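Chains as they are written, first to last, in UniProt numbering: chain Z, 1 to 319; chain U, 1 to 319; chain B, 1 to 319; chain F, 1 to 319.
Everything labelled a hint here was simulated from the structure, so no lab data went into it.
A couple of the hints might just be wrong.
No distinction is drawn between identical chains; accordingly, a pair holds when it is met within one copy or between any pair of copies.
To be verified - 20 Å max Cα-Cα, derived PhoX-like pairs, lysine-lysine: (1) Lys221 to Lys162; (2) Lys107 to Lys221; (3) Lys215 to Lys267.
Model, not experiment: these values are computed from the prediction.
Letter by letter, the chains look like this.
Protein chains: 4
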Amino acid sequence: MGILTTFAKSLGVIRRASQRDFSNVGFVGLGNMGAYMAKNLIKKGYRLTVYDINEKAIENVVSAGAKGAASVAEVSKNSEVLVTMLPMNQHVLECYTSKTGIISAAKKGTLLVDSSTIDPTVSQTIAKEAEKNGLRFIDGPVSGGVVGAENATLTFMVGGSKLDFEGARTFLEAMGSRAVHCGDIGMGQVAKICNNMLLAISMIGVSEALNLGDKLGLNPKILTDIINTSTGRCWSSEIYSPIPGLIPTVPSSNDYNGGFSTALIAKDLGLAQASATRTGSPIALGSLSHQIYRTMMAHGLGGKDFSVIYQYIREEDKK
Amino acid sequence: MGILTTFAKSLGVIRRASQRDFSNVGFVGLGNMGAYMAKNLIKKGYRLTVYDINEKAIENVVSAGAKGAASVAEVSKNSEVLVTMLPMNQHVLECYTSKTGIISAAKKGTLLVDSSTIDPTVSQTIAKEAEKNGLRFIDGPVSGGVVGAENATLTFMVGGSKLDFEGARTFLEAMGSRAVHCGDIGMGQVAKICNNMLLAISMIGVSEALNLGDKLGLNPKILTDIINTSTGRCWSSEIYSPIPGLIPTVPSSNDYNGGFSTALIAKDLGLAQASATRTGSPIALGSLSHQIYRTMMAHGLGGKDFSVIYQYIREEDKK
Amino acid sequence: MGILTTFAKSLGVIRRASQRDFSNVGFVGLGNMGAYMAKNLIKKGYRLTVYDINEKAIENVVSAGAKGAASVAEVSKNSEVLVTMLPMNQHVLECYTSKTGIISAAKKGTLLVDSSTIDPTVSQTIAKEAEKNGLRFIDGPVSGGVVGAENATLTFMVGGSKLDFEGARTFLEAMGSRAVHCGDIGMGQVAKICNNMLLAISMIGVSEALNLGDKLGLNPKILTDIINTSTGRCWSSEIYSPIPGLIPTVPSSNDYNGGFSTALIAKDLGLAQASATRTGSPIALGSLSHQIYRTMMAHGLGGKDFSVIYQYIREEDKK
Amino acid sequence: MGILTTFAKSLGVIRRASQRDFSNVGFVGLGNMGAYMAKNLIKKGYRLTVYDINEKAIENVVSAGAKGAASVAEVSKNSEVLVTMLPMNQHVLECYTSKTGIISAAKKGTLLVDSSTIDPTVSQTIAKEAEKNGLRFIDGPVSGGVVGAENATLTFMVGGSKLDFEGARTFLEAMGSRAVHCGDIGMGQVAKICNNMLLAISMIGVSEALNLGDKLGLNPKILTDIINTSTGRCWSSEIYSPIPGLIPTVPSSNDYNGGFSTALIAKDLGLAQASATRTGSPIALGSLSHQIYRTMMAHGLGGKDFSVIYQYIREEDKK
């Protein structure tokens with residue numbers, strides 16, 4: 001790339017950032033997370049066209065000021081930027097690459113932002129197809145959960161070119177408090193699944209340590225204080241303690257309701273596991289954490305917050 | 001206990017704290033940690049009598065101003081407070097309870113502080129014997145390693161009566177920067193082994209996450225930055241990164257030399273495992289971490305810092 | 001040892017074997033297993049004196065023809081051979097080495113057979129004390145469970161001298177179908193805990209494989225047939241299938257009742273784990289199996305047969 | 001399907017079985033396994049046309065009497081039955097479903113046999129495409145390894161209709177000693193990956209048990225004898241012992257060369273893991289076994305027989 005091109009492009013970045021806007025925004029996938037994200041865009045003054053396979057989900061966001069569409073293709077045609085927030089690999093793949101999908105319907109130059117949490121290779125496959133059609137694609141999965149989506153305090157972990165990241169930044173920050181550029185296409189997904197694998201490991205580790213201490217006679221509250229000022233210190237112990245009553249606002253204090261469900265962290269661990277297998281990366285604790293959460297799902301805990309592991313290993317012997 | 005007694009005792013506490021001192025201190029076990037701890041007591045003006053089974057270890061501390069003794073019994077006879085810093089359960093048990101050990105030799109009222117990391121039930125056994133002989137015993141294992149011992153920045157995790165803890169506090173803080181009262185006898189040990197189990201889990205988790213990210217194309221430095229501001233945040237990632245070169249002062253940047261050895265964390269995990277088995281507490285990740293460190297020892301890594309797990313799972317395929 | 005001594009000793013062996021008998025037998029520990037074992041000795045014509053801390057247990061065996069005793073010491077005094085069948089390390093240790101225990105009460109030359117499953121180092125400690133007092137000790141834990149005890153089809157895994165093993169053989173075979181000499185003192189225990197660790201691993205492995213196949217659409221009965229003629233073949237699949245209804249006589253076909261309880265295999269895994277920690281032997285799968293059974297106990301399955309793992313990982317999601 | 005059709009078809013089966021033959025056979029994938037399988041078909045009198053991306057591999061089988069082809073399409077055009085033996089999912093998928101692949105080139109009615117070990121969903125995808133084009137497809141992965149391929153003693157685990165299985169049986173048995181019908185399409189793959197997962201678990205379990213026993217003082221040969229007549233009995237202990245020298249003909253007695261490589265069992269465990277994730281089936285031991293073999297590959301053991309786990313956990317501490 002010649003220096004003039006670089007210069008011209010960087011001008012573009014600056015201009016785009018100063019404009020701080022896209023006029024027409026498309027949004028596909030209006031579930032728990034997506035609905036709040038779309039509504040926050042509306043609040044910030046964006047014009048939204050939205051679609052979901054569930055009509056009620058469309059009505060919900062239309063009532064907040066969006067225009068409803070009858071298909072993915074209809075959303076795609078008139079958007080300068082388009083966000084997708086879908087459950088799994090196959091939904092994302094179909095939404096982008098089917099004959100009536102985003103890639104064949106969108107206008108050249110449209111910026112596509114996939115905020116679903118999926119396998120990074122799927123993001124890379126889609127990005128290639130998008131590029132062939134003159135579209136720009138970034139992966140931007142989020143952390144912060146439903147609460148972060150509602151309060152626009154999500155963190156976006158973004159994979160894609162620096163240019164596209166800078167172009168999307170202001171827009172993304174309308175739905176969250178932070179956007180981090182992680183690297184090329186797929187690296188947003190990688191950042192998310194690696195962080196969440198570590199989160200799962202930490203939460204189980206904290207639960208094992210606190211339960212062991214308790215069984216040995218050490219008050220979990222005191223042990224928590226010690227851990228939080230020692231080398232075992234981690235987010236799961238400091239901010240999101242699995243011990244009921246210790247931190248009033250977290251799910252463990254609400255019978256493990258709300259928060260980040262066991263089923264969802266198991267999904268992310270499944271993505272980590274598939275990536276680890278593909279690259280031959282040993283993840284002994286990550287794999288075991290995955291299996292523990294799968295077993296908990298088999299015991300009916302899929303809908304509870306993932307900190308319910310603390311309760312799960314404490315169930316008293318009933319025989 | 002009547003209120004007058006309580007009052008009298010509490011006066012004692014106040015007096016002891018204001019005196020801030022013991023005149024004669026005994027110290028048994030002058031290894032890597034113990035020698036530095038003893039020297040720090042000497043620097044703070046305590047009169048020390050010391051013993052170790054290794055004569056050179058005695059000479060080393062004598063040269064710093066201590067008086068050498070020929071036996072544990074000799075150290076015990078003339079000390080108001082006595083510290084032990086020994087490798088394993090059996091050494092501590094013998095040092096305290098053998099016929100010529102501390103408990104039979106020490107004067108009534110002596111305060112015994114065991115800073116070894118051992119099974120909490122051993123601490124409890126010794127405490128009972130000590131009490132029968134009119135002695136006071138607390139368990140006070142430390143965190144902070146050899147560097148903390150040298151710089152007097154250790155944290156003491158103390159199990160024993162509140163009264164004995166308060167009586168020992170000033171003294172302990174001559175060897176460290178902090179003393180925490182964890183609960184009754186043995187609870188200092190419990191706090192330490194639970195924290196260290198969590199530390200081992202976190203370190204392996206961080207290493208798995210960073211290596212997986214790297215294999216998927218995400219720079220470990222960037223991933224570390226993301227983790228450190230996300231839910232995966234923990235001491236092992238923030239303060240003691242296993243990635244060579246990221247934090248210049250930690251063992252990973254010095255070919256995994258110095259620090260907290262794989263052999264020592266494996267020892268602590270063994271204590272956690274024994275305690276978990278005894279109390280029927282499930283510790284799936286703790287157990288697996290233990291086995292991972294055992295396997296690493298079998299591969300010659302016992303002397304390396306425990307963050308060497310990062311390198312261990314990255315060894316390139318040589319076939 | 002000169003050839004004549006050897007010859008004389010071997011004569012002793014032959015003579016003892018041809019006599020096929022001890023006149024007076026002591027038995028301590030009349031629980032589920034011990035009561036049946038004692039009764040089988042009575043049936044084979046041995047004169048028994050028996051003791052248990054539970055008086056009803058004594059009455060039960062006395063009603064089958066034994067003489068009841070008031071203490072361990074009383075049993076010990078008049079027995080030529082003495083069997084103990086007790087729950088855990090501490091019971092065995094106390095029964096043998098307390099002031100009024102077997103070792104101080106038994107006559108010189110008495111053969112002591114401990115059939116409890118305990119830590120091999122405890123067997124070795126007791127053997128040393130026994131030898132100092134002119135007694136002979138062998139460890140002889142059994143496999144075969146309560147059914148084997150009732151039907152006298154137990155296998156004895158024996159640690160001790162070849163001479164003592166040969167001297168005990170006929171006697172042991174009165175309670176079982178086979179006695180195997182495993183090596184020196186403690187090696188009977190080692191054989192048992194190593195075998196049972198492998199058994200636990202196999203049973204969980206079989207359950208995981210059959211459940212995975214089932215979830216993928218492959219009938220567990222067909223998969224069992226394939227496994228049983230392939231490289232996955234093992235006792236847990238062939239003889240003791242965890243699938244209800246496949247083999248009518250095993251616990252899985254009786255709602256996982258009877259058989260070898262989850263609590264007991266967890267106990268054996270705890271012994272394996274302690275031994276592995278002491279010797280620095282990596283047992284990743286053994287440890288994880290231990291934790292899985294501990295978690296199952298925390299969920300009230302301690303009294304069910306250990307093949308209940310199959311059901312445990314299949315529980316349908318109730319949310 | 002009417003009774004007459006059924007009858008006619010069953011006649012077809014009988015006729016096919018009595019003819020015991022296909023006149024023209026295609027074979028794609030002439031690696032370690034495929035070359036031997038193709039040669040065995042030639043020996044049994046089949047006319048073969050063969051293809052591989054590696055020309056030398058073609059020449060090798062041509063020299064044994066086959067006709068070489070220039071492409072997959074050329075092989076497909078003139079074959080009544082066609083076998084594929086390829087490394088991984090993507091190779092099989094491309095070979096069957098690309099524009100110049102088997103499905104577009106083969107004549108209606110051709111029987112397609114895929115003996116690769118792959119994800120059962122890939123087999124199912126291909127089978128659907130084949131059916132649309134009037135082709136018959138079965139999955140028939142094998143056990144028995146290179147030695148079984150050479151000696152025509154393979155076992156075929158077959159998924160597909162009973163009719164197609166019966167039609168292929170005689171043909172398959174020209175390359176092996178046994179063909180088992182496991183169920184519908186994909187069930188051959190399921191049987192193989194479930195069995196091999198259990199095999200991996202057993203081999204690691206045997207290695208842990210024998211090493212633990214050895215470290216505790218029990219001769220591995222004696223412990224093997226005990227295990228082989230006890231509840232720990234399994235193929236890995238009886239037939240394929242990981243202890244060097246115990247069974248002269250197995251890889252452990254040849255420095256772990258030959259046999260079933262660590263890299264291949266890791267591949268199969270990866271398939272099991274992906275299937276388990278997709279179906280939400282907990283496989284704690286299967287996952288951990290997978291990670292152990294991945295770690296061993298990272299240590300250069302990918303080319304060694306999978307029984308090398310015994311040596312891997314025994315490496316002496318070199319520090």
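Quiz item: For Lys215 vs Lys267, is the C-alpha pair at or below 20 Å within one copy, between two copies, both, or neither?
Solution: So Lys215 and Lys267 pass the 20 Å test across copies only (18 Å; inside, 31 Å).
Quiz item: Under a CA distance limit of 20 Å, which applies to Lys107 and Lys221: within one copy, between copies, both, or neither?
Solution: This pair counts as neither: shortest intra-copy Cα distance 57 Å, inter-copy 37 Å.
Quiz item: Within a copy, between copies, both or neither: where do Lys221 and Lys162 come within 20 Å Cα-Cα?
Solution: between (45 Å within a copy, 17 Å between copies)
Hint compliance for this structure: hint 2 is the single one not met.
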